[in-house]
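Q: For reference, the chains in residue letters:
Protein chains: 2
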Amino acid sequence: MTDPLTGKTVTLHDIDPSLVKITPNPNPGTPLPSEKLSFGKTFTDHMLVIPWTSTEGWAAPEIKPYGPLSLEPSSVVLHYANALFEGLKAYRSASGRITLFRPDMNMRRMNRTAERIALPTFDGQALTELIASLVRMDERWIPSEPGHSLYIRPTLIGTQNALGVGPSTSALLFVICSPVGPYYKGGFKPIALLATTKHVRAAPGGIGSYKLAANYAPGIIPQLEAAMEGYAQNLWLQGKEHFLTEVGTMNLFVVLRGEDGATELVTPPLDDVILPGVTRDSVLALARSHASTPITGLPPSKDFRVLERPISMPELVRASKESRLLEVFGAGTAAIVCPVDRIGYLGEDIHVPVGEKGMGPICEIMHREIVGRQTGVIPSDWAYVVKE
Amino acid sequence: MTDPLTGKTVTLHDIDPSLVKITPNPNPGTPLPSEKLSFGKTFTDHMLVIPWTSTEGWAAPEIKPYGPLSLEPSSVVLHYANALFEGLKAYRSASGRITLFRPDMNMRRMNRTAERIALPTFDGQALTELIASLVRMDERWIPSEPGHSLYIRPTLIGTQNALGVGPSTSALLFVICSPVGPYYKGGFKPIALLATTKHVRAAPGGIGSYKLAANYAPGIIPQLEAAMEGYAQNLWLQGKEHFLTEVGTMNLFVVLRGEDGATELVTPPLDDVILPGVTRDSVLALARSHASTPITGLPPSKDFRVLERPISMPELVRASKESRLLEVFGAGTAAIVCPVDRIGYLGEDIHVPVGEKGMGPICEIMHREIVGRQTGVIPSDWAYVVKE
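Protein chains in written order, with the UniProt record's numbering: chain A, 1 to 388; chain B, 1 to 388.
No lab work stands behind these hints, which were simulated from the structure alone. Predicted, not measured: the structure shown is a model, and the values here were computed from it. Do not take every clue at face value.
Any copy will do: because identical chains look the same in the list, a pair fits if it lies in one copy or spans two.
Each computed SDA-like pair below joins lysine to any residue, with the alpha-carbon atoms no more than 25 Å apart [unchecked claim]:
{"hint": "1", "residue 1": "Lys36", "residue 2": "Glu72"}
{"hint": "2", "residue 1": "Lys185", "residue 2": "Pro310"}
{"hint": "3", "residue 1": "Lys36", "residue 2": "Ile221"}
{"hint": "4", "residue 1": "Lys185", "residue 2": "Arg116"}
{"hint": "5", "residue 1": "Lys240", "residue 2": "Leu270"}
{"hint": "6", "residue 1": "Lys189", "residue 2": "Arg368"}
{"hint": "7", "residue 1": "Lys21", "residue 2": "Pro300"}
{"hint": "8", "residue 1": "Lys198", "residue 2": "Gly239"}
{"hint": "9", "residue 1": "Lys41", "residue 2": "Thr53"}
{"hint": "10", "residue 1": "Lys189", "residue 2": "Pro167"}
When you get a sec, could you build the whole thing from the sequences and use the hints?
A: Okay, structure coming up:
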């Protein structure tokens with residue numbers, strides 16, 4: 001870019017891991033035992049912060065003690081929701097190896113989301129390296145029990161101290177980490193969904209496909225309303241056709257028996273209203289790989305179809321009545337998969353089979369295959385090695 | 001509410017102005033001269049802060065030196081956009097009287113918006129009193145030149161330090177103030193709008209009618225895209241009918257000549273996608289009062305209709321072709337009114353008459369009537385007296 005004052009060409013700095021400044025925490029904390037862990041409530045000793053300005057680009061990264069940020073009350077993030085985040089996890093294998101799961105997907109989505117609200121983009125590989133450094137520093141915070149992990153929360157906020165609505169002239173990227181236990185304590189428990197027609201999560205032409213902060217707070221009241229009616233989460237619908245889109249803050253999968261008897265794994269296609277989830281992509285990739293590299297337990301590949309296509313509530317109701325609705329499950333980083341046993345829709349409940357295990361066979365297989373790759377039981381190039 | 005630990009009934013405290021703690025700024029600043037004022041860039045010596053917790057309710061308010069907030073990096077506002085704001089102005093009349101303009105409307109909307117994302121509500125009258133105290137303390141920051149005012153920005157954020165998506169268990173309400181000059185320096189300048197079909201600001205079932213932070217950052221890129229095509233702002237459309245909704249961050253008015261020759265002032269009705277603007281309401285109230293209390297310059301009331309009804313781009317195009325499109329203007333607290341002279345739509349420009357003054361007669365009259373009431377030239381019960 002050209003400096004408007006000097007007329008000289010200025011190079012904006014990208015994130016540079018070699019410049020990282022590390023300040024160890026002089027008062028390291030004590031990780032909670034597994035049974036006291038609760039999602040996103042305790043944090044590790046350190047955080048990564050990288051400031052940005054529109055004139056200089058990204059400043060030197062800093063890993064320093066976890067602690068409060070100082071923000072002017074005029075910071076745009078507090079007024080206009082110039083904010084976005086990612087969620088990924090670090091896993092410790094039985095052998096002690098530490099890996100991240102597909103961080104390249106998070107980095108790509110984070111950059112895509114940043115562009116959508118005019119926040120700065122960056123070299124995703126560089127940020128991944130810095131996250132790996134942070135995880136290594138806080139390695140002792142990664143719980144070692146099965147199903148546990150270290151949840152990593154990269155966040156990017158606009159910090160301009162002026163109230164005009166426009167591209168923020170400064171920003172702060174920070175990464176915090178929180179040890180988490182299994183989403184389901186004591187085995188899988190299927191949830192009930194309320195198919196919402198009163199509220200929409202996202203609309204065509206809107207921001208639903210971006211991991212923007214703005215997509216989350218508006219979902220709190222609809223969730224409470226669903227809970228008051230006895231449902232755990234919302235099943236977000238779209239359009240007068242009542243197309244299924246997402247489940248709470250997860251992507252959605254439906255398993256149907258097709259007209260020809262084949263098993264169909266269906267998820268809505270990526271468009272304006274669907275978040276491109278890493279777990280969603282992993283489920284699709286695994287299911288599609290079955291044709292060339294068979295996965296134990298899945299139907300023979302000639303009887304198994306993977307379909308990204310719109311699916312509506314009337315179709316779901318019809319499939320249920322014809323006993324062709326086999327499974328419904330959510331997919332996301334926090335729960336990996338989340339089986340559904342009941343969907344409230346227009347005053348009636350659609351019951352979804354879950355069997356004795358609390359989840360259908362496809363859901364269970366996908367869980368096994370993904371967890372296997374996250375924990376190193378199944379070798380995979382989805383694992384990014386933080387420490388051998 | 002019942003305390004979950006003790007079983008005792010607990011009363012949550014509302015905002016109580018009598019508890020206010022005042023800490024004067026030991027280093028008061030110097031207000032900028034009028035020509036250096038720029039919207040929302042400089043702030044007064046003090047700010048009002050009122051913390052809230054779900055167990056205690058609102059704590060004692062504090063007026064203290066303007067300065068940074070300390071927020072944990074896990075504060076939900078930075079991740080999920082649990083944030084909302086209001087905008088109102090304090091005006092100094094020729095006689096030195098200081099008033100706010102219809103603060104009751106802002107308080108009502110702020111409470112309604114807070115409920116939408118499960119942030120705490122409060123006694124609007126109490127907050128208005130505290131804002132008045134803040135304005136009195138920073139009185140010297142209210143510019144005295146015509147068209148100037150003190151912009152007041154109440155903001156409410158969720159401050160819970162845990163990453164679960166749910167009702168925030170703590171919050172912070174703060175109010176900051178910024179001296180502002182006239183929106184249009186050197187007379188009115190009409191703007192060009194790009195009627196957008198690519199992006200939507202809001203959709204039925206969504207959050208467009210709430211003054212949530214989440215509605216603002218997503219508008220930045222569409223605005224930049226409009227600017228690259230030579231338009232100042234977006235004209236946000238809705239539905240396949242291309243109904244007009246809002247202009248940038250303002251409400252929208254259209255003036256038409258009706259089939260019978262009468263003048264029609266049209267604005268979209270309040271629904272899911274329209275923000276209930278204070279200026280919008282003021283324009284409507286004034287226009288409707290014309291029947292009983294004639295306003296100089298408006299057509300005779302028998303030839304003047306005020307209509308809250310949907311209006312679409314095809315209707316606008318048709319009215320333009322039939323020379324029945326008389327005026328288009330935006331209405332909001334920052335600009336009061338904002339005349340429009342051109343609307344880009346599906347690759348063509350619709351030209352809107354603005355005359356020599358840069359704004360049509362209805363727009364000009366509304367500006368005169370509202371400014372008159374804001375500055376005390378026209379007596380009005382819309383003025384809330386901060387200081388006689």
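Q: All the hints need checking, so say for each whether the structure fits it.
A: Going through the hints against the structure:
no. : hint              : in the structure
1   : Lys36 <-> Glu72   : between (35 Å within a copy, 21 Å between copies)
2   : Lys185 <-> Pro310 : neither (33 Å within a copy, 52 Å between copies)
3   : Lys36 <-> Ile221  : neither (27 Å within a copy, 43 Å between copies)
4   : Lys185 <-> Arg116 : neither (37 Å within a copy, 31 Å between copies)
5   : Lys240 <-> Leu270 : both (19 Å within a copy, 21 Å between copies)
6   : Lys189 <-> Arg368 : within (16 Å within a copy, 64 Å between copies)
7   : Lys21 <-> Pro300  : neither (53 Å within a copy, 72 Å between copies)
8   : Lys198 <-> Gly239 : both (12 Å within a copy, 17 Å between copies)
9   : Lys41 <-> Thr53   : between (30 Å within a copy, 17 Å between copies)
10  : Lys189 <-> Pro167 : between (44 Å within a copy, 23 Å between copies)
Figure legend: structure checked against the earlier numbered hints; hints not met, in rising order: 2, 3, 4, 7.
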